[in-house]
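This is what each chain is made of:
There are 4 protein chains.
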Amino acid sequence: MNTFGRLFRITTFGESHGAGIGVVIDGMPGDVPISVEEIQSALRRRRPGQSAYTSPRNEPDAVQVLSGLYEGRTLGSPLTLWIPNTDARPTDYAEIAQVFRPSHADFTYALKYRHTDPRGGGRSSARETAARVAAGAVALQLLRFLHPSIKILSWTSRIGPFETNYIPTTADEIEGSPIRCPDAEVSAQITAYLAQLIEEGDTAGGIISTQVEGLPGGWGEPIYDKLHARLAYAMLSINAAKGFEIGMGFTSAFMRGSEHNDAFTIGSSGEVRPLTNYAGGVLGGISTGEPLYFRVAFKPIATLRRPQRTVTRTGEEVTFTAKGRHDPSAIPRAVPVVEAMTAIVLADFALIARSGTVHNQ
Amino acid sequence: MNTFGRLFRITTFGESHGAGIGVVIDGMPGDVPISVEEIQSALRRRRPGQSAYTSPRNEPDAVQVLSGLYEGRTLGSPLTLWIPNTDARPTDYAEIAQVFRPSHADFTYALKYRHTDPRGGGRSSARETAARVAAGAVALQLLRFLHPSIKILSWTSRIGPFETNYIPTTADEIEGSPIRCPDAEVSAQITAYLAQLIEEGDTAGGIISTQVEGLPGGWGEPIYDKLHARLAYAMLSINAAKGFEIGMGFTSAFMRGSEHNDAFTIGSSGEVRPLTNYAGGVLGGISTGEPLYFRVAFKPIATLRRPQRTVTRTGEEVTFTAKGRHDPSAIPRAVPVVEAMTAIVLADFALIARSGTVHNQ
Amino acid sequence: MNTFGRLFRITTFGESHGAGIGVVIDGMPGDVPISVEEIQSALRRRRPGQSAYTSPRNEPDAVQVLSGLYEGRTLGSPLTLWIPNTDARPTDYAEIAQVFRPSHADFTYALKYRHTDPRGGGRSSARETAARVAAGAVALQLLRFLHPSIKILSWTSRIGPFETNYIPTTADEIEGSPIRCPDAEVSAQITAYLAQLIEEGDTAGGIISTQVEGLPGGWGEPIYDKLHARLAYAMLSINAAKGFEIGMGFTSAFMRGSEHNDAFTIGSSGEVRPLTNYAGGVLGGISTGEPLYFRVAFKPIATLRRPQRTVTRTGEEVTFTAKGRHDPSAIPRAVPVVEAMTAIVLADFALIARSGTVHNQ
Amino acid sequence: MNTFGRLFRITTFGESHGAGIGVVIDGMPGDVPISVEEIQSALRRRRPGQSAYTSPRNEPDAVQVLSGLYEGRTLGSPLTLWIPNTDARPTDYAEIAQVFRPSHADFTYALKYRHTDPRGGGRSSARETAARVAAGAVALQLLRFLHPSIKILSWTSRIGPFETNYIPTTADEIEGSPIRCPDAEVSAQITAYLAQLIEEGDTAGGIISTQVEGLPGGWGEPIYDKLHARLAYAMLSINAAKGFEIGMGFTSAFMRGSEHNDAFTIGSSGEVRPLTNYAGGVLGGISTGEPLYFRVAFKPIATLRRPQRTVTRTGEEVTFTAKGRHDPSAIPRAVPVVEAMTAIVLADFALIARSGTVHNQ
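Chains as they are written, first to last, in this note's numbering: chain A, 129 to 489; chain B, 129 to 489; chain C, 129 to 489; chain D, 129 to 489.
Calculated directly from the structure, the hints in this document are not laboratory data. Being a predicted model, the structure only gives us computed values, none of them experimental. Errors might be hidden in some of the hints.
[What the hints assert, rightly or not] Over 12 Å on every C-beta distance to chain B, these chain C residues come out as not near it, computed from the model:
1) Asp159
2) Lys279
3) Ser397
[As the list claims (entries may be wrong)] What follows is a set of in silico ranges between Cβ atoms, one per label pair, in the way DEER data are often shown:
4) Ala391/D / Glu399/B: 21 to 29 Å
5) Glu166/B / Glu165/D: 52 to 60 Å
6) Arg453/D / Glu387/C: 16 to 24 Å
7) Thr379/A / Gln324/B: 16 to 24 Å
From the three backbone atoms N, C-alpha and C, an ideal C-beta is built for every residue, glycine too.
Use the sequences and the hints to build the structure in full.
In structure tokens:
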């Protein structure tokens, strides 16, 4: 099940140490302008080696268009993007051919598929997210073509013990921080914390927040394809994601109805709108027209430069220490991935919303 | 999109004030024993009016089998269950024909579908969950037929300010509490708290925890249909659900890799297993064979017996106070719904796992 | 797999000797007028006992709306229709509990599902087509709401040795014939032939032709969901259907390119259109705007009032003679079924076409 | 909708004059041996320039594996195949940038997608079938791994006026003929006929027959995913296919029940089997265990080296004559495509059949 989406559908493929990573985007309408440079930019944001705080695997991540685009506009046929692997160094991974790395998918992949590529994490590697980011950049351009009002921002709101509640309004606020945290003070705290983790050979989890502005009301397909149910599905499919919440999320569990309810009022142009937005932009699984707001929790990266207890594939108990340099946190690089999956989910709903619009409005 | 599942697929239908609620279950293999009494029992657990703490709408929720079953065994054709509405009192709802109830889906349904049933919440009502519970009871019986080892338990772990970390091992521990909280002390606290909320015309959110034991390893379909991604999708489709987390979930965001990683060891029968289970039973989206553990957060019920600010469907600002008695919390009645959706997701994976098992094992 | 369609989706359920037959129609937009009387009319056309030439099982086929409709307009929730079985006479079927009827699905259902209802054909019975006809009547009303120009006509073009090439332009021409053949002379020949078959206890196959006028150009989703590929899929799912052809179909296999090609010209309003329509209204799987024309072949009804060689479920060779009266041909009653499946396929494409229409046109 | 299949799913991409043609195969179980050489062989059978009777576009069709395979065995991740275009000569196609070629998809693609690649047929070109053939070679290897008994043979049974009823039993009988007709006499007639058509600048349609032996009973998923309904769907998605029939197909429309019915008997090992196989291997949409037999009709190739009346994209009436050499018939090269789609449909059912097998057998 490497396909996601109903009308706007992505099918990703490729492993960390194979020839490369790719995605087929099906359901693209014809004659929509798509800039490959914008896809390349998005990939640049995700790729390793951007700063001291991300891993030094140095991939140019140069995207190639295999199909679906001619002279900058879509043909209506599947749009296929391909990103060759150029810095896959199997020698780094010699040891993982032998052991099940703790909290990695080595164990479950071996259990399920029996045959694995000893050179690396294969399909379970975070390298796969490059395809999501590329597809997300296409989804974003389709969304912009259809609904120029939509603006998606994702950012680091927590790493380890440091958290911000600040909600940015521009991408620059986010990209201005080396760890994509728009709150300068918290960004500095996290940056120092990550330096310390590198020192200690340890890693940290965190939270990525997303806000979408300008979303039309009426998107979402109850009962099962509620807008936030599809978002949760998309987000939990990202490597290392362990939680999703919309609006007040887990905090709403602590609230009373009289605190949590969003009272309706009449807006300045005579439209109905809620006074507050504790709901996070959805009611009954359908967008209200208010900003969509949700958060995704990630576990710490499992690869540690510290000795850990584990077993070999042949059943021997050993101590394993990861070699080389590794990210102390996946969060900064996962920000564009969350953004991409958001765009992919919304592009799908955008097409579905058109199909259901049968009245002149 | 009222269908959920890939091989084991449920399609639910019906509104709160229509003729009834139903579900078509497709993908049932033939010749599987299904007890209708067990479905009826499950519905009894969900239905209103069970205690002072749930709403007094008094539905017998008597299930009828419309198709797919003959003399207690499945025919392989769609198994259809139908639960007539018998206590739908439209007069209780006269006022909601006029106003958009705060934090209800009245507003978004009117926006999206234009035409609504003035007699009640319609498709967005929690009454729809009866169909999920009925389907879940079938899924559970299929699971038991295929994998007798699987045991699913869901329970109230928080309502308002009261929370327990206790993990029960039997259904009796849960059902022994009027609010389905297996920790006697917390159960008493919550019970008192709900009484107070009824007094105050207010409501509370909460958290439902689920643990699944005896799950085989190897279930889950990366990249997008990870086991926990499908669970998140299913859980967020439930009315009032606002968050999902697996394993340590949002807490993992606060942890270091050295704390969170589950070291592998050799179990007593020589099998590979993790020493701890912070992952919650999945790695890379595939079950490890350890207990599956996840939590779902619910917002407080939106219907309050207190005046709230809102607007009418014709755009007039008014104050609205819900009449009649209403649940102070959805959590106790949502426990069987979470359990049902868990069974539905797992039955689907059980069938998919068989299709992928191509080696003699 | 009892669901058909992508955005406009039907899920049918029910067996010939169970409680009834039903269908859940998902994907209906809200606020679309649907006449239940029109559904009932369509069912009346399909039901048995209409003339001497159809079987005397006498079902009123009274349709009930279980969900999705309020005061004559759709709610956007699943529209569920239910047709109780009232004339299921198990005693007629006592013998089929014992034998595998030749060319019936008794054998393969027993092989696949192991457990069958001894009272009749169950899910494989043509009774299931009542649900298709009911759903088709809804699809037709949706199509008419969206595209009033579309007109679907299906008719008997062959039974046994008698065939007509006449293409009718009104439903009256078809319904004026007791066997739904719009060519009066051929209709009379067939009628006489069927009387003779009844006499002889034999049955005949035939062909149903369909023409759709007023279809917009641009419908169809290459590469796999070509308009005619979906039609073939739908038609071959009907009981006893053994062949499908579009345009010149099998005859095109005998033609030269210079005969078969449809030259383009400029129409009276300046539009591009083909001079001929050998293609049957599609090119590359996409509608051209010309009439859609296709034919479906059906095998003879397998139930004969003649002794036939067969075996019992316990493996004994026996001679079996069907009791009671049976249709000499399924064709007249299958005409509304073909028409219904056509409407269902087109309603689905109508919604999909809207989703892909992203340019102002 | 460039994806076909439910559990074994292919997603094809690429256009005739883009970078190449590819396919992502999802749903492959892990650890299945796949020979790339066998894929290459299958492509060699399909590619142009094989004989005087096929077009001289000379593509090596060298397949590359982009993902999913490691040291000859599947990883369980998507298996992606890529066939670069190397002989796409846009100059040949200069004129088609201007006109709508009669009976080609130029017109409908322009109507639907608005933006097309002026260098050739793009996605609608038969070049796309290379991806199907590559995927089919994988499907066949999976089938062989799971069910060594299955043998699929497709062959030319008609071109223009010449037809054979002979059913071959080995691939050699088919491949021994330059036009893949196992009947030597008819093969010679067709070969002469094609030479004459080349002379005259004309083309011919034809029929491809397929027989599958060794298929297990019990495959097929009523009501909509009947085995032959999925086959019809797959076959009609092939370029130029205009008709499908199973068993006696359209001929069954001319038969009586007493002629067409397959009487059951007890086979030599005590098993139930039909004495004849007019049904073509399915009853009620489920395989009986007898050979599957079906036929697909193709229209003549639309490209003629003769003047034809048509219009330009700007609405001017012109006469168009195709330049260069072109196939006089698509049939010989379509034989491996039909075979491939058969394997793809059956591999999908093979996986689904496993999922439904819940009893020890």
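Range hint compliance [Cβ, Ala391/D to Glu399/B, 21 to 29 Å]
violated, 54 Å
Outcome for the supplied range 52 to 60 Å, where the beta carbon pair is Glu166/B and Glu165/D:
holds, 54 Å
Exclusion check [Lys279/C not at the chain B interface, CB over 12 Å]
holds, 27 Å
Minimum C-beta separation from Asp159/C to chain B exceeding 12 Å: can you confirm that?
Violated, since 4 Å does not exceed 12 Å.
Verdict for Arg453/D, Glu387/C (Cβ pair) under range 16 to 24 Å:
Since Arg453/D and Glu387/C have Cβ atoms about 21 Å apart, the given range 16 to 24 Å holds.
Ser397/C non-interfacial with respect to chain B [C-beta, more than 12 Å]:
holds, 34 Å
For the pair Thr379/A and Gln324/B, does the Cβ-Cβ distance stay inside 16 to 24 Å?
For Gln324/B against Thr379/A, whose Cβ atoms are near 21 Å apart, the range 16 to 24 Å holds.
Violated hints, listed in ascending order, are 1 and 4; each of the other numbered hints is respected by the structure.
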